[in-house]
Amino acid sequence: MRRLTPYLLALPSWMWLAIFLVVPMVAMASVSLQTGNAIDGFAMTFSFSNYSDALGRYSTQLVRSLIYGGLATVAMLVIGYPVAYFIAFKGGARKSMYLFLLLLPFFVSFVLRTISWNFLLSDNGILFGTLKGWGLLPDDFHVLATPFAVIAGLTYNFLPFMILPIYVALERVDPRVVEAAQDLYATRAAAFRRVVLPLSLPGVFAGVLMTFVPATADPINAAVLGGRSTTMIGNIIQTEYLTNLDYPTASALSFTLMAVLLVGIFIYARALGTENVLEAAAR
Amino acid sequence: MRGIRAGDRLLHIYTWLIIVWLSSPIAVMILFGFNDKKSKSNTTWQGFTLRWYSELFDISDLTTALWNSLVIALLSTIITVVIGTMLGLALGRHRFRGQGATNFLVFAAISTPELVMGASLLSLFVSGNVPRDGNTIIIAHVLFSLSFVVVTVRARVVTLDPSLEEAARDLGATAWGTFRQVTLPAIMPGVLAGGMLAFALSIDDYVVTSFVNGSTVTFPLWIVGAVKTGIPPQVNVMGTLIFCIGVLIAIGNAVAARRRS
Chain A
9 MRRLTPYLLA LPSWMWLAIF LVVPMVAMAS VSLQTGNAID GFAMTFSFSN YSDALGRYST
69 QLVRSLIYGG LATVAMLVIG YPVAYFIAFK GGARKSMYLF LLLLPFFVSF VLRTISWNFL
129 LSDNGILFGT LKGWGLLPDD FHVLATPFAV IAGLTYNFLP FMILPIYVAL ERVDPRVVEA
189 AQDLYATRAA AFRRVVLPLS LPGVFAGVLM TFVPATADPI NAAVLGGRST TMIGNIIQTE
249 YLTNLDYPTA SALSFTLMAV LLVGIFIYAR ALGTENVLEA AAR
Chain B
925 MRGIRAGDRL LHIYTWLIIV WLSSPIAVMI LFGFNDKKSK SNTTWQGFTL RWYSELFDIS
985 DLTTALWNSL VIALLSTIIT VVIGTMLGLA LGRHRFRGQG ATNFLVFAAI STPELVMGAS
1045 LLSLFVSGNV PRDGNTIIIA HVLFSLSFVV VTVRARVVTL DPSLEEAARD LGATAWGTFR
1105 QVTLPAIMPG VLAGGMLAFA LSIDDYVVTS FVNGSTVTFP LWIVGAVKTG IPPQVNVMGT
1165 LIFCIGVLIA IGNAVAARRR S
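Chains A and B are the protein sequences, given in the same order.
In terms of my numbering, the first sequence has 110 at position 102, counting the first letter as 1, and numbering is strictly consecutive.
In terms of my numbering, the second sequence has 1055 at position 131, counting the first letter as 1, and numbering is strictly consecutive.
I should point out that these hints are in silico values taken from the structure, not numbers from a laboratory.
Quick caveat: nothing in here was measured; it's all calculated off a predicted structure.
Be a bit skeptical, because a hint or two may be false.
If we take Cβ atoms under 8 Å as the criterion, some of the chain A residues that face chain B in the derived model are [as the list claims (entries may be wrong)]:
1) Leu17
2) Leu29
3) Ile75
4) Leu79
5) Gly100
6) Ala101
7) Lys103
8) Leu112
9) Ile134
10) Gly242
11) Thr251
12) Tyr255
13) Ser262
In the DSSO-like style, the derived pairs of lysine-lysine whose C-alpha atoms are separated by at most 27 Å in a straight line are [unchecked claim]:
14) B/Lys962 to B/Lys1152
15) A/Lys140 to B/Lys1152
16) A/Lys140 to B/Lys962
Just a sample of chain B residues kept apart from chain A, beta carbon distances all over 12 Å, derived [unchecked claim]:
17) Ser947
18) Leu999
19) Met1010
20) Leu1095
21) Pro1109
22) Asp1128
23) Val1171
Ideal Cβ positions, reconstructed from N, Cα and C, are used throughout, including at glycine.
The task is simple: from the sequences and hints, build the whole structure.
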């Protein structure tokens, strides 16, 4: 009986993950190779034309999503690293207060936050409207529906997911190691570059992983803050699935997106010298 | 020394600026819940009113959506916590065949983009002619929060000294008794943290839900649907109230944790 215990404990989760994660992936793979339409039904034809067709039509949006997601991730890294550094090394007794304040936005729905952000950026809204009223901005100034608005929204929404893993990594760095470097005549900048930065790289890796994938695939920011020229792949997949009912094209696009993201993560892991992607990310 | 201090002060100010930036949409949300708007649009400030607080439940399908969200979050959290804690215990305490594969599966569930998860679930339901409703939403929500509960519980189990459980058994406790009296209280902080995470993920989800909802509407779905016609102030009021309740619970939790230690 005792030897069976772990299997019995794991069984319900195994079944849930197998039926609702593994089987759907197989279902999606099979749908992506079918042809037909929602009214007459779909038939398996093993035609890879869905992939070439979908890519032919939507490569612009796919590339745009990767660029927006990538730029937002870089922005998050640049903006977030100093914050994580400050809290980890200078936060003192107030560390948990800072972390709490960083997590405050998460008590408000993601969608609602993005809409409030739209309020802030809207042409005659509380921020730009006031500035225009004071004559500080030209009347035709606008941010909404530009790539900047979408990238800024992504950066805003996912920033805490970048700061927290970096903070966790920096928090583990023993300050005495830094002191030792300085005792050995390293300048402050050199101590940071040669000691602190390398030790924080696992956090940077986790942060990028936690932000790049969801930011690239996010359909909300583009829908709420963007315009016709900033449509991202997430919006296309949603429309193909839910409005056009073109399941084969939508499945092919979903798989392509996932494959591109996985390849991207793999290249990034290699560039960073992380031997085992899964191991580093699971930590 | 002087340069260092100035640098630190700069970093301090910078951190506060980022915090203000991150919180600014919350301030906007709270503010516009008091906006005495005359026209359909709620994007300019037109005066203070408490009207929307008294007319909070006047939009019946919005109230239904919020209610749906709460029920779905509660049910999916219960399922997730029960089966996720079981797997967390198995992974943290036992060695068994398939452990590596299980860890991989747990990681795969976390790293699959929500969009792909929703799309693949819809593929399954379409292929199997499964009608989409509240049940399919709960299935999906358990799926994407399960791994987070497993990881938090496993982390807690790993730090737990196994000799405590052995001692309980030596003193004649049954397997169930040991679990209820020793193991469960010890891992409770992990279980609670996982449960809160699952609840928060569920009540906030838009992407996965949008694929599997059928005609059932949740709070985030209703808001996105209303973006084009204009968000009514009641949404801001509900957001404000949920925000306040969440913050109060979090602060209460922190105070209780401090008192315990």
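Quick check on A/Ile75 please, does its C-beta sit within 8 Å of some C-beta on chain B?
Where the cut-off is 8 Å and the nearest Cβ of chain B is about 17 Å from A/Ile75, the hint is violated.
Beyond 12 Å from every chain A Cβ - status for B/Leu1095
18 Å, holds
Was B/Ser947 rightly flagged as not at the interface, with every chain A Cβ beyond 12 Å?
Check fails; 6 Å does not lie beyond 12 Å.
Consistency of the no-contact label for B/Met1010, given chain A and a CB cut of 12 Å
4 Å, violated
Please settle this one: B/Val1171 was flagged as non-interface, so is its CB more than 12 Å from every CB on chain A?
6 Å, violated
With 8 Å as the cut and Cβ atoms as the points, is A/Ile134 at the interface with chain B?
6 Å, holds
Non-interface label on B/Leu999, tested against every C-beta of chain A at 12 Å:
14 Å, holds
Just to be careful: measuring from the Cβ of A/Gly100 to every Cβ in chain B, is the smallest value less than 8 Å?
11 Å, violated
Proposed proximity, B/Lys1152 with A/Lys140 (alpha carbon, max 27 Å):
25 Å, holds
Using the nearest Cβ pair, does A/Leu112 come within less than 8 Å of chain B?
6 Å, holds
Please confirm whether B/Asp1128 is truly not at the interface, meaning its C-beta sits more than 12 Å away from all C-beta atoms of chain A.
5 Å, violated
Should the hint that A/Ala101 touches chain B count as held when the rule is a Cβ pair under 8 Å?
12 Å, violated
In this structure, the earlier hints numbered 3, 4, 5, 6, 7, 11, 17, 19, 22, 23 are contradicted, and the remaining ones agree with it.
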